[in-house]
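J.: These are the residues of each chain, in order.
Number of protein chains: 4
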Amino acid sequence: MDLNIPVLGPAKIRSPLKLSTVIGDMVANFVLDDERVMYDISLKHYMECMENRQELPLSFERAGPREFIYFDPSKLHVGVVTCGGLCPGINNVIRSLVMELHYHYGVRKIHGFKFGFAGLIPDEGHDVVDLTPELVRGIHHEGGTVLGSSRGPQDVGEMVDCLDRMGIRLLFAIGGDGTQRGALAIHEEITRRELKISVIGIPKTIDNDIQLVEKTFGFETAFSIAIEAIRAAHVEASNAHNGVGLVRLMGRHSGYIAATAAMAEPDVNCVLIPEIPFELEGERGLIQWLEKRLQRRKHAVIVVAEGAGQDLLEHGTGGTDPSGNRSLGDIGLFLKHHINRALDEKGIKHTLKYIDPSYIIRSAPANPNDSLFCVTLAQNAAHAGMSGRTGMLVGLWNNVFTHVPMKEAVAKRKIVDPEGDLWRAVLESTGQPAKWS
Amino acid sequence: MDLNIPVLGPAKIRSPLKLSTVIGDMVANFVLDDERVMYDISLKHYMECMENRQELPLSFERAGPREFIYFDPSKLHVGVVTCGGLCPGINNVIRSLVMELHYHYGVRKIHGFKFGFAGLIPDEGHDVVDLTPELVRGIHHEGGTVLGSSRGPQDVGEMVDCLDRMGIRLLFAIGGDGTQRGALAIHEEITRRELKISVIGIPKTIDNDIQLVEKTFGFETAFSIAIEAIRAAHVEASNAHNGVGLVRLMGRHSGYIAATAAMAEPDVNCVLIPEIPFELEGERGLIQWLEKRLQRRKHAVIVVAEGAGQDLLEHGTGGTDPSGNRSLGDIGLFLKHHINRALDEKGIKHTLKYIDPSYIIRSAPANPNDSLFCVTLAQNAAHAGMSGRTGMLVGLWNNVFTHVPMKEAVAKRKIVDPEGDLWRAVLESTGQPAKWS
Amino acid sequence: MDLNIPVLGPAKIRSPLKLSTVIGDMVANFVLDDERVMYDISLKHYMECMENRQELPLSFERAGPREFIYFDPSKLHVGVVTCGGLCPGINNVIRSLVMELHYHYGVRKIHGFKFGFAGLIPDEGHDVVDLTPELVRGIHHEGGTVLGSSRGPQDVGEMVDCLDRMGIRLLFAIGGDGTQRGALAIHEEITRRELKISVIGIPKTIDNDIQLVEKTFGFETAFSIAIEAIRAAHVEASNAHNGVGLVRLMGRHSGYIAATAAMAEPDVNCVLIPEIPFELEGERGLIQWLEKRLQRRKHAVIVVAEGAGQDLLEHGTGGTDPSGNRSLGDIGLFLKHHINRALDEKGIKHTLKYIDPSYIIRSAPANPNDSLFCVTLAQNAAHAGMSGRTGMLVGLWNNVFTHVPMKEAVAKRKIVDPEGDLWRAVLESTGQPAKWS
Amino acid sequence: MDLNIPVLGPAKIRSPLKLSTVIGDMVANFVLDDERVMYDISLKHYMECMENRQELPLSFERAGPREFIYFDPSKLHVGVVTCGGLCPGINNVIRSLVMELHYHYGVRKIHGFKFGFAGLIPDEGHDVVDLTPELVRGIHHEGGTVLGSSRGPQDVGEMVDCLDRMGIRLLFAIGGDGTQRGALAIHEEITRRELKISVIGIPKTIDNDIQLVEKTFGFETAFSIAIEAIRAAHVEASNAHNGVGLVRLMGRHSGYIAATAAMAEPDVNCVLIPEIPFELEGERGLIQWLEKRLQRRKHAVIVVAEGAGQDLLEHGTGGTDPSGNRSLGDIGLFLKHHINRALDEKGIKHTLKYIDPSYIIRSAPANPNDSLFCVTLAQNAAHAGMSGRTGMLVGLWNNVFTHVPMKEAVAKRKIVDPEGDLWRAVLESTGQPAKWS
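Chains as they are written, first to last, in this note's numbering: chain V, 1 to 437; chain A, 438 to 874; chain P, 875 to 1311; chain R, 1312 to 1748.
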């Protein structure tokens, strides 16, 4: 894994930020270029490195403001684009980017492209928005994105033409896995053309599934709102005789939302996520488990991530959405019908209530902790861009903000480790079986 | 610094938890005793250790369930006590402790002491509560603590007498700095008497100021609710001509709540915390700054932590509260009066609105992320106690749950580093001066 | 219409309530039996009555505590049953009933039947719950009903047998139209058997559709939570190019929730309710309207009540649910598919997001105003029952709590008047057409 | 009492609103000028009128759109001013006024005066804001008022000069008792000068204390948020031994907020309001009551309205605020100190927590039901103004929107009737004594 960050060239301009290079003067400091945080922080890894006399363990560059920057703020044109599905916090990121670039660096030209990458394609006919402090001041109180969004890739050449034509030298691409692939393609085309345009990614995935990034914005807000659905499911289930509450949550490839929401509202009795296969029938299957649970407690609450149990569905829909995401079969509706039928066949009178809160979740404004996270994330993205770095996204690792090469970040998805701490805590909280077969 | 954890004796009983010792079987694993996480995770520290050929860098033991435990669950009597001021999440911790000990370890006797350490003193006459799953099932939806709380230390000998007399062999002490000092004293008296009683601390400080612990429960909920007060202050300030909104937040020694709340609701123009001295008068003083801000923008929002600017007050009240905390002078009211007078003297017509939301904050139920944190924290506390560890508290470091010796944790307070990342981000968000003199 | 209230017999026992019969002594007063509030409060109606020399205009008996009561509280056994779908506020009503009967009247035996009318049928095997102040103290913070609920009628004779056998002389039936019909049947069977058992209904319909009752509890909470879904739909719609947000809300026969929610969050562009027929096709149809709206504004938000446009569906499912409610076809999903197809056929690229928040709404706890309403409603229900009234429910009319004969209340449904003030205000708020054909 | 409404002249222009004059055509109707709603709706009052052969009982004109209007919308200049303390819902009212006037009547010039009546005084130097649909579209999600506010009267002549000079022919004055007095003075000066300018008041009092108006906007939001403080007080009180929670709520002259909040969160044990005198000492005094309550239940929650018990304070501050409101002594702090001292003197160890949430409450955005109310209120204000009515405010009576002459509305304050239904319900909910001496 190569965690080095591409740069456009040497940073020679003194940063306008009023920070210190002196430790002990009670003034916050610039970050040095050689400050790095270790990838593996276990003592065991340290000892292995020592033994192997490996030159250096894997580490990330720390994010933060640099004493010297690459771009001249007074001449710089910046672009911002938001792509993919909605996610709490996009407006917070936009607002903080604008505030940081405007007030601290003195950048005066920040252009917002409308409706995702489509906004860079002239034929789509979307306007460009001037992102000023006045415009963005209050947007963090609203969900969604003031720039609008869309799914799907666009022609890379046309997009780079657009940037070049508009004189944009620094592009912030706020989006998920697909967006970061798109941004990487733009970066590579820029490199091929030998242009001096920086592309900085800001990872936005409500599912929290970007590799090498510990936490993405919007994820906490998402599972926090999801617990409203879980509470509802629990009230419905426990207020009926043999009540079953079934909640479908987001999580196409990774079960983070389902897993964390189920622990945050610990009335959940079973969580199903894409990472852990499960069976419906048989002695250790879900139906048998549910039957026993109803016998013992007269109600049950089940949370299922949208990507769970895809092998049980007959082929999903077979298609893909405009972002290229494989269309998933609806495991929530499938389970609803299957459980109803299975319990009916066993003659168990019951009531099942099914809740799918997805759109209410993704369009919500960021909660305070996400808001805090977005502010710092955007500040660090601005710092990285101004320093001339490119082809990277801003991440978090072991609680430290880092620079992550786009190439490595999009190489695969981050998933819940079935043998790790999070999933173990879920099993202890729900009391569900570790294996279903 | 000695980060080794005391133990009562060898753990010889096989844990009843259904976890795996095999990596790769898709079943969550026990944590091994030699799993440790590094204290300093910078690459620089790694290189220094290498150079110095220092035997091993400083590291924390990882928290988590062990394959072998010390106590026989069927015979174990557990005690739980909650002390000090209210804090969101105490009930979540109690609930999860009880659920983990009852359902996973099979402990049947869990006693809750009422009203803090006073509940261990016979003369106070408080009842003991049986903490059963039925009793605790719904308590996490309510703020406060079902056990009640009180401030202040009690006679250590009497408390150990009480534990011994009741046959309690494992005590969980949920509380802040003072409580952990008390728990340490109990642990030391137990050690002196050569009793086999484990004392496990669960750090509870809404101010997030416990040394060697990255984050404490309730803190996020606290600054999240605090932003309601900040929003109110901003609306009041910006709806009046020369409006000033002044919000006093918690933070006796450490400004974490003020700093994070001000970033999470970024309409704050100035944050004052105990770690950063400030002047009122003079060219770089607060009043001058405020005057310029009003000239430029016609309104201002100021957040002040309760422990800030104590040097400006005439000696506070000079006393201490029952927990031994030094009574602070009220910097909020002081600033309110001082600013009003100073602006009046300068002939600046203005309106100042002062908000102190403290009690509304500390009595709230935990928000979802805090709730999630409390569940895992309590699980790990239960694991630590069952394994025979003692004189320790459960912490978080670089996002990993750890064991922290009480002795080291209470040695000093954690404070906001004026030269660190958090405070730098605050300065960038508010635009306030780095220094006031 | 006969608005007289049946009574079991003369009220001869002096009420234990410490109220006054004297006006002007600054102590709250008992309500007199001849206090009545007019049904039609227009001046025009007054003049018509005058002209016609009609003996008396139609009026309701006012609810409230009477100086003399019928039942001896010390000997009275009370029953409480909750039926039908969940609705915010049921627990508040139960709590206040118990508190009023226990603390103010001194009733010591209050039995809660589990799972609706089924709880009165021995063969169903449900336990009876002792409703004490301790049990109900905190229940108003949780949604649902501590008694559980179920749909569907039960054998009237068996239910009266049960009441008689248990010695219950006062039954509170909390439920909607179907429940009140059931309660009326119980009342009539009691009358036929010449038993002295009072049956008091407390109208519970989230749809607010009970005749002669201005407002039912839970309704305000329902439309208040519904606006979260509307906000989500608006964010989704306005963040996409040609975005359409479609929200399905409750309202089988009456569009109150849809109408009020759409005004409370006035970003709604069109509301469809059962009372107003609409067309899909044609020059004045919904599709044409939507097309124009998208041309003009690039997004649209539509709210549809579940009972709207049933004539457009192919026969619904033809069945009924256990409460005898006709099964409705799903107008929400129908519209989603129809709009998508129609816009696709016209070649209009668009994005439609569909939200159905029903279960999250109905299982929520009551909001403060509903909570306030539930307290007073339950107090007045207790007063009515203690006074020996029967076969009635407690209502609200022109903002005054009233007694309503069950017979009249269940005669038909209350619906939104297409020519009345509420619907006119909706039309002004949304700007939608008054007619669709 | 004279409930007739002044008019500027005959309404001769056909309204552009697409409403019907035909009953039965399923299209919402215009309101006729002779539609009136009775002031006293009791049957007793009806009978008295009959007996007295009184010509007509007292009645209000119904609000609503008229078929003919007075002003030509295309030429009309409208002014909007917001005065006094903040209150939830002001922005909702402004938004709906603008939307109604712009989209339905076609008015194109709507001017917003900044910072209250001061905005009409040239010397104050405040700008005038163009209130367009674009500007107001999202303001209802934020508390406060986009126009800003200020307290205090201004020179009436100068204000009328301003209106005349700017060509404003219709002024909406959103504010409380003082504002409506100011608006009445403006109306009277206009009448004296024989100008054709309509002045329409929209009553805004968070205390809900305007005579002849059943409910004012913001009031429900206020008591709804107040219950957060009550919950906090209850948690604090019940989590300490002999804990006392004391909450000060708004209510200078009228205890509506305190009374309703205490019922909506029924853990309150005692409510003190301006309308009911109370004693501190003596056998029936508050201290004695509190002592008994603590003996029995170990905690107590007290809610006090800011205007309660003013006779107990030594003369308040003797002054008035800029609006002419008498400065009240702080009964909350007084009670805090008095109770602490009194219990200390009796040797009762206790903990008292005092909460004053005022500014958090008044700066909040309107809750959904208030939002709904604001929409309809503003629509009706627009209708009244366009019809040429003047010197009136829009009210609500027996749940019907009405026109109320300013003169009658400001004649005295509305207060809680100590012998009425609301206060009786409070007494039943808290169980507190009806009298304190």
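If you're looking for bench data, these hints aren't it; they were derived computationally from the structure.
No residue lacks a Cβ here, since even glycine has one placed at the ideal position from N, Cα and C.
Check the hints yourself; a few may be wrong.
What follows is a set of in silico ranges between Cβ atoms, one per label pair, in the way DEER data are often shown [to be verified]: (1) A:735 - R:1313: 40 to 46 Å; (2) R:1337 - P:921: 23 to 29 Å; (3) R:1658 - P:980: 52 to 58 Å; (4) P:1214 - R:1337: 45 to 51 Å.
In the EDC-like style, the derived pairs of lysine to aspartate or glutamate whose C-alpha atoms are separated by at most 16 Å in a straight line are [stated by the list, open to error]: (5) R:1355 - P:1001; (6) V:44 - A:472; (7) A:481 - V:291; (8) P:1210 - P:1155.
The following residues of chain V were derived to be distant from chain A, with all beta-carbon distances above 12 Å [claimed, not checked]: (9) 35; (10) 111; (11) 261; (12) 291; (13) 378; (14) 411.
J.: May I ask you to check that residue 378 of chain V keeps its beta-carbon over 12 Å from the closest beta-carbon of chain A?
T.: 10 Å, violated
J.: If you check the beta carbons of residue 1337 of chain R and residue 921 of chain P, does the distance land in 23 to 29 Å?
T.: Hint holds: Cβ distance 27 Å, inside 23 to 29 Å.
J.: Within a Cα-Cα threshold of 16 Å, do residue 1355 of chain R and residue 1001 of chain P meet the stated pairing?
T.: Distance ~48 Å between residue 1355 of chain R and residue 1001 of chain P Cα, so the pair is violated.
J.: Do the beta carbons of residue 1214 of chain P and residue 1337 of chain R sit within 45 to 51 Å of each other?
T.: 29 Å, violated
J.: Given the hint that residue 44 of chain V pairs with residue 472 of chain A, does the C-alpha gap stay at or below 16 Å?
T.: 7 Å, holds
J.: Checking a non-interface call: every C-beta of chain A should be farther than 12 Å from the C-beta of residue 261 of chain V. Is that right?
T.: 7 Å, violated
J.: Can we confirm that no CB of chain A comes within 12 Å of the CB of residue 111 of chain V?
T.: 22 Å, holds
J.: Would you assess whether residue 411 of chain V, listed as outside the interface, keeps its beta-carbon beyond 12 Å of every beta-carbon in chain A?
T.: For residue 411 of chain V, whose nearest Cβ neighbour in chain A is about 22 Å away, the distance exceeds 12 Å, so it holds.
J.: Could you let me know if the closest chain A CB is still more than 12 Å away from the CB of residue 35 of chain V?
T.: 7 Å, violated
J.: Evaluate the given range 52 to 58 Å for the C-beta pair formed by residue 1658 of chain R and residue 980 of chain P.
T.: About 34 Å separates the Cβ atoms of residue 1658 of chain R and residue 980 of chain P, which means 52 to 58 Å is violated.
J.: Do the Cβ positions of residue 735 of chain A and residue 1313 of chain R conform to the proposed distance bound of 40 to 46 Å?
T.: 44 Å, holds
J.: Within a Cα-Cα threshold of 16 Å, do residue 1210 of chain P and residue 1155 of chain P meet the stated pairing?
T.: The hint holds at about 15 Å.
In this structure, the earlier hints numbered 3, 4, 5, 7, 9, 11, 13 are contradicted, and the remaining ones agree with it.
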